[in-house]
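Trainee: Now for the letters of each chain:
Number of protein chains: 2
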Amino acid sequence: MDAAVLFSGGKDSALAALSLDRFYDVTLVTGTFGITDDWRHARRAADRLDYPFRTVDLDPAVADDAVDRMRADGYPRNGIQRVHEHALERVAGLDVTAVADGTRRDDRVPTVDRSTARSLEDRRGVDYLAPLAGVGRGAVDRLVDAHLTVRAGPSEALPRADYEAELRAHLADRAGPDAVASVFPAHEQTVVRGRHPATDGDTPK
Amino acid sequence: MDAAVLFSGGKDSALAALSLDRFYDVTLVTGTFGITDDWRHARRAADRLDYPFRTVDLDPAVADDAVDRMRADGYPRNGIQRVHEHALERVAGLDVTAVADGTRRDDRVPTVDRSTARSLEDRRGVDYLAPLAGVGRGAVDRLVDAHLTVRAGPSEALPRADYEAELRAHLADRAGPDAVASVFPAHEQTVVRGRHPATDGDTPK
Numbered sequence: 001m002d003a004a005v006l007f008s009g010g011k012d013s014a015l016a017a018l019s020l021d022r023f024y025d026v027t028l029v030t031g032t033f034g035i036t037d038d039w040r041h042a043r044r045a046a047d048r049l050d051y052p053f054r055t056v057d058l059d060p061a062v063a064d065d066a067v068d069r070m071r072a073d074g075y076p077r078n079g080i081q082r083v084h085e086h087a088l089e090r091v092a093g094l095d096v097t098a099v100a101d102g103t104r105r106d107d108r109v110p111t112v113d114r115s116t117a118r119s120l121e122d123r124r125g126v127d128y129l130a131p132l133a134g135v136g137r138g139a140v141d142r143l144v145d146a147h148l149t150v151r152a153g154p155s156e157a158l159p160r161a162d163y164e165a166e167l168r169a170h171l172a173d174r175a176g177p178d179a180v181a182s183v184f185p186a187h188e189q190t191v192v193r194g195r196h197p198a199t200d201g202d203t204p205k
Numbered sequence: 001m002d003a004a005v006l007f008s009g010g011k012d013s014a015l016a017a018l019s020l021d022r023f024y025d026v027t028l029v030t031g032t033f034g035i036t037d038d039w040r041h042a043r044r045a046a047d048r049l050d051y052p053f054r055t056v057d058l059d060p061a062v063a064d065d066a067v068d069r070m071r072a073d074g075y076p077r078n079g080i081q082r083v084h085e086h087a088l089e090r091v092a093g094l095d096v097t098a099v100a101d102g103t104r105r106d107d108r109v110p111t112v113d114r115s116t117a118r119s120l121e122d123r124r125g126v127d128y129l130a131p132l133a134g135v136g137r138g139a140v141d142r143l144v145d146a147h148l149t150v151r152a153g154p155s156e157a158l159p160r161a162d163y164e165a166e167l168r169a170h171l172a173d174r175a176g177p178d179a180v181a182s183v184f185p186a187h188e189q190t191v192v193r194g195r196h197p198a199t200d201g202d203t204p205k
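Chains A and B supply the protein sequences, listed in that same order.
Going letter by letter, the first sequence gives residues 1 to 205 in the numbering used here.
Going letter by letter, the second sequence gives residues 1 to 205 in the numbering used here.
It cannot be assumed that every hint is accurate.
[Said to hold, decoys possible] Estimated spans, in silico, between C-beta atoms of each pair:
1) A:Ser-119 with B:Asp-65: 35 to 43 Å
2) B:Tyr-75 with A:Ser-182: 51 to 59 Å
3) A:Asp-178 with B:Arg-142: 45 to 53 Å
4) A:Arg-40 with B:Arg-54: 48 to 56 Å
5) B:Gly-176 with A:Tyr-75: 53 to 61 Å
6) B:Arg-193 with A:Asp-106: 31 to 39 Å
7) A:Arg-40 with B:Arg-40: 53 to 61 Å
8) A:Asp-178 with B:Pro-52: 53 to 61 Å
9) A:Pro-185 with B:Ala-157: 56 to 64 Å
10) B:Arg-193 with A:Ala-61: 49 to 57 Å
[Stated by the list, open to error] Covered by chain A, per the in silico footprint, the following chain B stretches (three or more residues, Cβ under 8 Å):
11) 8-22
12) 125-139
Calculated directly from the structure, the hints in this document are not laboratory data.
Quick caveat, the model's predicted, so the values are computed rather than measured.
Each residue gets a CB set at the ideal place from its N, CA and C atoms; glycine is no exception.
For reference, chain A alone in the conformation it holds in the complex:
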């Protein structure tokens, strides 16, 4: 069975992929609006994790809507949620048994509630999997420490490929760089640099 895991290059989606590869042939998939080429950072992380990688095109109108929403709200949460749901729809269009993401129990955004998940499954004929939906922050951190090497830093400096980089660029284009600092609070992100040697080659434990 094939699973497409929505992948940002960060630790959560990488850990989701590790959780699933016992059961599925995993491909890491990054959505891109074509605004920047930040998806290349995800490809590099996927290579280091030794998973197949591909991109899916996202609809630029969704980026416009998301940025409008963020400017109106003054914070990014609802815009990011909108983009995440759009990306899941696009990934569900691939020929796979399951689509997955790295959403965690303790996340505030993005979240995929039960009715959204069931709607995606019923309409698209795929399984939606959130292997970290029942895993808290502490356990995620302990598993990442044990199985991945990561680099942490402030969002604006770290070469990641989640929607945030493209949405930041789009917001700066439309409203100037000050809008970015006003909408996006400062926070730390991670980028995956590889697996720990003990977990190379898919050998459990």
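Starting from the known structure of chain A, fit chain B onto it as the hints suggest.
Mentor: Okay, now just chain B, sitting in the frame of chain A:
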């Protein structure tokens, strides 16, 4: 890292164990009130899955409360939820990094919501893991078909070791056999008979 997986002998808790054994040394744990020896069915399933097994004692007063609740409600849901939370507390008293169960996204009972999970983690100093919390019914069925051999049948006939068998016996003792049929709706259960050969020996895919 050690994880204690609350285990009934059924497919959900078995699949939860498979999901976790890439990351943790898994022990399957069954709670018993001492009302029946149905825990032996779980030990047999654990042997067939080739995981270590142990029991934890549950408080008989909780069985009394649960049965009273079920009789008052006329259905088992709230009583089973109470027993599940008590069992998680007891398992969290073991010397492990994590406690886990087989609760699924589409389950109505038992469920462990975010605040209950965080409370358990904060008070007990363990991680609580629900590896199937982000997995729907269809995906669970497909994964079980691929990785486990199971036997299905009506609850009252299948030799399982979840709380239901002990609670049915306790209810029959206190209120007669007719009370059992009135509180517990007829439903199918599964009992795990082993792994598929392809997944023996912990070899992924």
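Trainee: Each hint should be assessed against the structure and marked as holding or not.
Mentor: Cross-check of the supplied hints:
1. A:Ser-119 with B:Asp-65: 35 to 43 Å: holds, 38 Å
2. B:Tyr-75 with A:Ser-182: 51 to 59 Å: holds, 52 Å
3. A:Asp-178 with B:Arg-142: 45 to 53 Å: holds, 50 Å
4. A:Arg-40 with B:Arg-54: 48 to 56 Å: Given range 48 to 56 Å: holds, Cβ gap about 49 Å.
5. B:Gly-176 with A:Tyr-75: 53 to 61 Å: Holds - the Cβ-Cβ distance for Gly-176 (chain B) and Tyr-75 (chain A), about 59 Å, lies within 53 to 61 Å.
6. B:Arg-193 with A:Asp-106: 31 to 39 Å: holds, 36 Å
7. A:Arg-40 with B:Arg-40: 53 to 61 Å: Because 57 Å falls inside the window, the suggested range holds.
8. A:Asp-178 with B:Pro-52: 53 to 61 Å: About 59 Å separates the Cβ atoms of Asp-178 (chain A) and Pro-52 (chain B), which means 53 to 61 Å holds.
9. A:Pro-185 with B:Ala-157: 56 to 64 Å: Holds, since Pro-185 (chain A) and Ala-157 (chain B) (Cβ atoms, about 57 Å apart) stay within the stated range.
10. B:Arg-193 with A:Ala-61: 49 to 57 Å: holds, 52 Å
11. 8-22: holds (count 4)
12. 125-139: Holds: 12 residues of the segment 125-139 of chain B have a Cβ under 8 Å from chain A.
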